[in-house]
Amino acid sequence: MTAENLSALALSLRVAVVATLLNAAIGIPLAYVLARRRFRGRGLLDLLVTLPLVLPPTVTGYYLIVLLGRRGWLGGPIYGLTGWSITFTWYAAVVAATIMALPLLVRTARAAIESVDRDLEKAAFTLGRSEWRTALEVTLPLARNGILAGLVLAFARALGEFGATLMLAGNIPGRTTTVPLAIYTSVQTGETGDALVLVAMLTVLSCVVLIAAARLGARAT
Amino acid sequence: MTAARLDVSIRTTLPGFTLDVAWTAGDGVAVLFGPSGAGKTLTLQCLAGLIRPERGRIVVDGRVFFDSATGTDLRPQERRVGYVFQGYALFPHLTVLDNVAFGLRDRPRAERSGRATTVIERLGLGGLEGRYPRELSGGQRQRVALARALAIDPALLLLDEPLSALDRPTRESLRDELRAVLTDWGTAAVVVTHDFTEAYRLADRIVVYREGRVIQSAPRSELLWQPASESVARIMGTRNVLHGTVLKATPDRIQLRWRGQTLEAVNSPSRAYLPAPSSPIAFFIRPEYVRLIRKDRGAPDPNHHMNLMSGTVVSQTDFGATWTLAIRLDEPGEPAQGAYDLEVEVPRLVHEILELDRDRRWQLSIHRGSIHVLPA
Numbered sequence: 001m002t003a004e005n006l007s008a009l010a011l012s013l014r015v016a017v018v019a020t021l022l023n024a025a026i027g028i029p030l031a032y033v034l035a036r037r038r039f040r041g042r043g044l045l046d047l048l049v050t051l052p053l054v055l056p057p058t059v060t061g062y063y064l065i066v067l068l069g070r071r072g073w074l075g076g077p078i079y080g081l082t083g084w085s086i087t088f089t090w091y092a093a094v095v096a097a098t099i100m101a102l103p104l105l106v107r108t109a110r111a112a113i114e115s116v117d118r119d120l121e122k123a124a125f126t127l128g129r130s131e132w133r134t135a136l137e138v139t140l141p142l143a144r145n146g147i148l149a150g151l152v153l154a155f156a157r158a159l160g161e162f163g164a165t166l167m168l169a170g171n172i173p174g175r176t177t178t179v180p181l182a183i184y185t186s187v188q189t190g191e192t193g194d195a196l197v198l199v200a201m202l203t204v205l206s207c208v209v210l211i212a213a214a215r216l217g218a219r220a221t
Numbered sequence: 001m002t003a004a005r006l007d008v009s010i011r012t013t014l015p016g017f018t019l020d021v022a023w024t025a026g027d028g029v030a031v032l033f034g035p036s037g038a039g040k041t042l043t044l045q046c047l048a049g050l051i052r053p054e055r056g057r058i059v060v061d062g063r064v065f066f067d068s069a070t071g072t073d074l075r076p077q078e079r080r081v082g083y084v085f086q087g088y089a090l091f092p093h094l095t096v097l098d099n100v101a102f103g104l105r106d107r108p109r110a111e112r113s114g115r116a117t118t119v120i121e122r123l124g125l126g127g128l129e130g131r132y133p134r135e136l137s138g139g140q141r142q143r144v145a146l147a148r149a150l151a152i153d154p155a156l157l158l159l160d161e162p163l164s165a166l167d168r169p170t171r172e173s174l175r176d177e178l179r180a181v182l183t184d185w186g187t188a189a190v191v192v193t194h195d196f197t198e199a200y201r202l203a204d205r206i207v208v209y210r211e212g213r214v215i216q217s218a219p220r221s222e223l224l225w226q227p228a229s230e231s232v233a234r235i236m237g238t239r240n241v242l243h244g245t246v247l248k249a250t251p252d253r254i255q256l257r258w259r260g261q262t263l264e265a266v267n268s269p270s271r272a273y274l275p276a277p278s279s280p281i282a283f284f285i286r287p288e289y290v291r292l293i294r295k296d297r298g299a300p301d302p303n304h305h306m307n308l309m310s311g312t313v314v315s316q317t318d319f320g321a322t323w324t325l326a327i328r329l330d331e332p333g334e335p336a337q338g339a340y341d342l343e344v345e346v347p348r349l350v351h352e353i354l355e356l357d358r359d360r361r362w363q364l365s366i367h368r369g370s371i372h373v374l375p376a
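Line by line, the protein sequences are chains D and U. Just so you know, we're using the working numbering here: the first sequence kicks off at 1 and counts up by one. Just so you know, we're using the working numbering here: the second sequence kicks off at 1 and counts up by one.
I should point out that these hints are in silico values taken from the structure, not numbers from a laboratory. The structure presented is a predicted model; accordingly, all values stated were derived computationally and were not measured. For each residue, glycine too, the CB sits at the ideal point set by N, CA and C. Where hints are given, some of them may not hold.
To give a feel for the contact side, a few chain D residues facing chain U, derived at Cβ under 8 Å [claimed, not checked]:
no. : residue
1   : 120
2   : 122
3   : 126
4   : 127
5   : 130
6   : 141
Construct the complete structure from the given sequences, taking the supplied hints into account.
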């Protein structure tokens, strides 16, 4: 394997792992809140989280630029203050992968949390547990397999993210070129041989992920 | 009556349903009895603090759990109420020991397992500490749920249809066991059931629910013999609920006309009911309190037998230990209950001795104390 391909693979794994960790940190509480709380703006939150699942990834990427780019709503002030922008860094690839993977985790985890018998939570309340402790000791452990399945899917999505990553992080060899981008570049430049190895690796990985998710899903019920 | 340990008055509205109840209970077991959808479980959830009623007041042993007037509303965590859910709601990922010890988290470790083990032993669950709920029988699960609720030394124990998840033989033996446990622990308890036998076996006091309201609250024997109204009698599954016309009512007797007969009933000494003559009146006759008179005894003595009538057995049903006879009176006109006027229940032995299989025509007598008038 070429040095470029190796570095693309290393970057992809790093991005996917960090994005999955971020997904766990944001997505599990989000799934819990959407499953168990009724509040104003719940529908809107649900819509925002789910949107990247149906929007073309380039559109999601465009919104991320509007938000985080050098002249973006959030990115602009940051650039003005520090002279630094997230665009065209590997952090941008992480952000893109996280946002694109989030709906997969949230939807799977939410369904798992909703399937936990509410009487179990009520029982925990009468036995002195706060809602927070009940979530940690009862709800989340019982939804564990569904949450793990969601994380596996999120990891796979993060690993394969292309469109939004290209928009926000670009395709800079050695810095932001992840495996899907490397495959695209290889095909564009006619170096299909190089790409084949990466294609095979992503295919095998995806199969493993699907099988793992299916097994976890089966145990969850 | 002892001072009320439990004073409940709540009103809350759900889409298409209003719960508006008030009742009190002393020591022992109060059973909320009534058809499903009457608001019994909703009441339990309000008692536990899982649902907040719109208005009302809940006081347990002098502690105010809820009072809409002062804005008091203790969280379920603060109420110390043991709740046994209908499906038991045992934590499937925890062992029996961890389930029972779940409510003891704030206690020191040693005390915690000591207390859990004591409760487990006392409920006859010794040896099952390491099992998971899925590895237990229905009866064992019920006892684990009870143990978990009792472990926290609750101020009040709530049980929602505690026996409905069990098959019939288990249910009957556990019913008496549950009664023994409740008496043994002496914790004030509220039990929800829609089964009258269960209610009667478990209760000291029965609170009858119907469509979100309490239609009677009374000690269980009073309820059995003096239902407050026809609808209470019907919810209890009382048989031979009949309608007649008042002839004369005095504080100790009521004369009434029914199916061409003049019947005499005892008026309730504790709450005499004095309807006006010729007003309609509902009453019931327990099937096991109707006497069949043998013909070979000669003419019945009117001083001994009262409310005499004659009729024909139109059908009979074998219930094993007893037989139920459907009797149609020798009177023209429509029978009171479809094809027959009265249901009569006789023990199997009596059925054999009287040769009821061969003889269809009988004289009946009903003691005036066995005709129970139902206030309108």
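Consistency of the hints with the structure:
{"no.": "1", "hint": "120", "in the structure": "5 Å, holds"}
{"no.": "2", "hint": "122", "in the structure": "5 Å, holds"}
{"no.": "3", "hint": "126", "in the structure": "4 Å, holds"}
{"no.": "4", "hint": "127", "in the structure": "3 Å, holds"}
{"no.": "5", "hint": "130", "in the structure": "6 Å, holds"}
{"no.": "6", "hint": "141", "in the structure": "5 Å, holds"}
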